[in-house]
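Protein chains in written order, with this note's numbering: chain A, 1 to 480; chain B, 1001 to 1118; chain C, 2001 to 2102.
Note that these hints are calculated values from the structure, not bench results.
Being a predicted model, the structure only gives us computed values, none of them experimental.
Keep in mind that the hints are not guaranteed to be accurate.
[Stated by the list, open to error] Just some of the chain B residues that point at chain C, by a computed CB distance under 10 Å: (1) G1004; (2) Y1005; (3) A1006; (4) L1009; (5) Y1061; (6) M1065; (7) L1066; (8) L1069; (9) V1072; (10) E1073; (11) V1075; (12) F1076; (13) P1079; (14) V1082; (15) E1086.
Think of the CB as a built atom: it goes at the ideal place given N, C-alpha and C, for glycine as much as any other residue.
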Amino acid sequence: MTWADLSLIAPELALAAAACAALLQDAWATGPALESRSRGPAAAWIALGGVCAALLLLGVRPAGAAQVGFAGMYVRDGITRVVDLAALAAAGLGVMLSPPYLERFRLPAGEYHALLLLSTAGAMLMGASRNLVLLFLGLEMLSFPLYVLAALARRSRRSQEAGLKYLLLGAFATAFFVYGVALVYGASGTADLSRLGRAPDVPLLHAGVAFLVIGLGFEAALVPFHAWAPDVYEGAPMPATAFMSVIAKVGAFAGLLRLFPQALPQLAPAWGQMLAAIAVATMILGNLAALAQSNVKRLLAYSGVAHAGYILIGIASGGPAGSSAVLYYLLVYVAMNLGAFGVLLLLERRGEEADRVEDLAGLLGRAPWAAVVLAACMVSLAGLPPTAGFIAKLYLFRAALQDHRVALALVGALTSVVSVYYYLRVASVALSAGAADAVAVRHSRFAGVGLALAAAGVLWLGIVPGAITALVQQAVQALR
Amino acid sequence: MLSGYAPVLVHLVLAVLLAAAVLGLHMLVGGRRPTVEKVLPYESGVWPIGSARERVPVRYYLVAMLFILFDVEIVFVYPWAVLVRELGARGIGEMFTFLALLAIGYLYLLKRRALEWE
Amino acid sequence: MPALTHYLVLSALLFCLGLFAVVTRRNGVAILMGIELMLNAANVNLVAFNKFAAPGAMQGQVFALIVITLAACEAAVGLALVLAAYRSLETVYVDEINVMKW
């Protein structure tokens, strides 16, 4: 380890330092009482400071050639840059949107922010992996904090159940991932992703790669590894649900991107078919199951499954077009999904989360801006213009057509049409005139700024996508 | 290949046979006059209090869990200790950074009073 | 001298044992133990492959160490969550934990 190595992981280090600071500050301020009555937003400010420092460190590094460190295990290139950006956006919005909720439901703020930052660092490590073991380390660093975040509400039975289910199934999937790492290592004699391209095409390698897909597919909630998603999304405290819904996708798809289009292009015919089949199943099942949901958290869980299917189109298509579409979609997904959850976080029904669709009724009358942001995010999730969701899906389907995967693009387009129904149902309830009594709207300047940023992202990426498109296309140039 | 395991197998068979022979002989020849005192679980001559299937206090799990964490992190210290001379000052710096990170966790536990028994 | 196949068979058996435990056990802690078995199966593989497929390099052994550490973290987080769940749900049997549908 040298100073050059350390400067390479400076953004991750900033996050880890902020996580330690938030944890210690909160422990010092409140002592043994995990859920104390009075606590300032100090932990939130520390976490936000960490995210800003990481963004700054990311920004000052020139976007030039790829730099490799830690004995070739870590790479900072264009893909790392975009994944870091998506992960930090998720962390920043996650921190800004949650203070009102944390205060109302008395969740331990220090632990919440520390876990959120560590999970973000894990996703960033996955995006920077040039070695299967670093990928594994990133996956664990991403998922452990998420298990605890899901169980953070210690008095809520649903939260405890969500945490336990997430942990048991997640650890189970991780075991497959590690076994896959061992098999790939045995088949190729190396765990270095940049040297897997020259590995002999033996059955052991295929078996190993299939095991790796189980581990990453679980984190991304791909069918048939999605069973945890609805229960965990519903049971976890809402800020945790919001954050995990985006960060797990960012990390898992960064890993899939590093693994398939980048490390194993020679096996593209084999894994392309497999991933395309998974993508079709995921899109169909996710969208159809979402149609029947009356709980918004559960609806967004199945919507998350469906979106994992869309993003997988880009991985299955491979090449620069598919990879850049995946990166673009991740950025868009962070903004629109956190925007939608951010509005829900402001609501409260008799001391509980307002997570039913009908709780949104009459939102326009009481919090017009929140209702408009929610509607914009729903339109974007449905993939309608002029929002970012439309452009992002366009890129994905174009990549599929370029790779002559017409069926994949067709299923994607058809299931998107289906999804319009359930997204717009939520939006129309929020914009309707009725009033859900007993639902209170909390106002918070901190959360307001977060919502405004998310909404701005959704519109900006949809109306003037030029700058970000150039960024993601530059990121995947090395794949040519 | 597998013939290399033949001695192990022979040893295994012999061990099982011997144990079975000794126990069987005892059953056949030895006397057996059970009394209440003899069949009780032995607790230093004191009458047993309650069942052996007692619940363990929850605190025990907490301490055990924390112990696992700190115990296993030591796995990285062993290879470092073997090579400490070759690694020089930088190696010492790296290891103490690692230990400092563990210490942060320890500080957190102290402040949250997770290590206090009662 | 055992050959690579021996280790691979041992590892595959361990993995299947762990898998069996995870699928059949109802106790959350027992499921965690099954998962540990699966992780250790991967460790056996890593060390064996290091010896036979990539001799001279230490990569596989170092990876095994990393996996051991992460497995310990997993056990700690797992025990903590099982414990917390026990406090509010009053059971560690996963088939009795069904506030929400599975």
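field: Satisfaction of the P1079 of chain B interface hint, Cβ to chain C closer than 10 Å
entry: 8 Å, holds
- prompt: Does M1065 of chain B meet its interface restraint, that is, does its C-beta lie within less than 10 Å of any C-beta in chain C?
  reply: 5 Å, holds
message: Does G1004 of chain B hold up as a contact with chain C if the rule is Cβ-Cβ below 10 Å?
response: 7 Å, holds
- prompt: Should the hint that Y1005 of chain B touches chain C count as held when the rule is a Cβ pair under 10 Å?
  reply: 9 Å, holds
message: Does V1075 of chain B hold up as a contact with chain C if the rule is Cβ-Cβ below 10 Å?
response: Holds: closest Cβ of chain C sits about 6 Å from V1075 of chain B, inside 10 Å.
Cut-off 10 Å, beta-carbon criterion: hint that A1006 of chain B touches chain C: With a closest approach of 14 Å, the A1006 of chain B hint is violated.
query: Holds or violated: is there a CB of chain C closer than 10 Å to the CB of Y1061 of chain B?
result: Holds, because the Cβ-Cβ distance from Y1061 of chain B to chain C comes to roughly 5 Å (cut-off 10 Å).
query: Is the shortest C-beta separation between V1082 of chain B and chain C less than 10 Å?
result: Check failed: Cβ of V1082 of chain B comes no nearer than 13 Å to chain C, outside 10 Å.
task: Using Cβ atoms only, decide whether L1069 of chain B comes closer than 10 Å to chain C, and label the hint accordingly.
output: 5 Å, holds
- prompt: Against chain C, with CB atoms and a cut of 10 Å, does the hint on F1076 of chain B hold up?
  reply: The hint holds - F1076 of chain B has a Cβ within 10 Å of chain C, the shortest such distance being about 7 Å.
- request: Grab the minimum C-beta distance from L1009 of chain B to chain C and call the hint holds if it beats 10 Å, violated otherwise.
  value: Hint on L1009 of chain B: violated, closest Cβ of chain C at ~14 Å, above 10 Å.
task: Tell me if V1072 of chain B is really an interface residue toward chain C, meaning its C-beta lies closer than 10 Å to one of theirs.
output: Since chain C brings a Cβ to about 4 Å from V1072 of chain B, closer than 10 Å, the hint holds.
The earlier numbered hints that this structure contradicts are 3, 4, 14 and 15.
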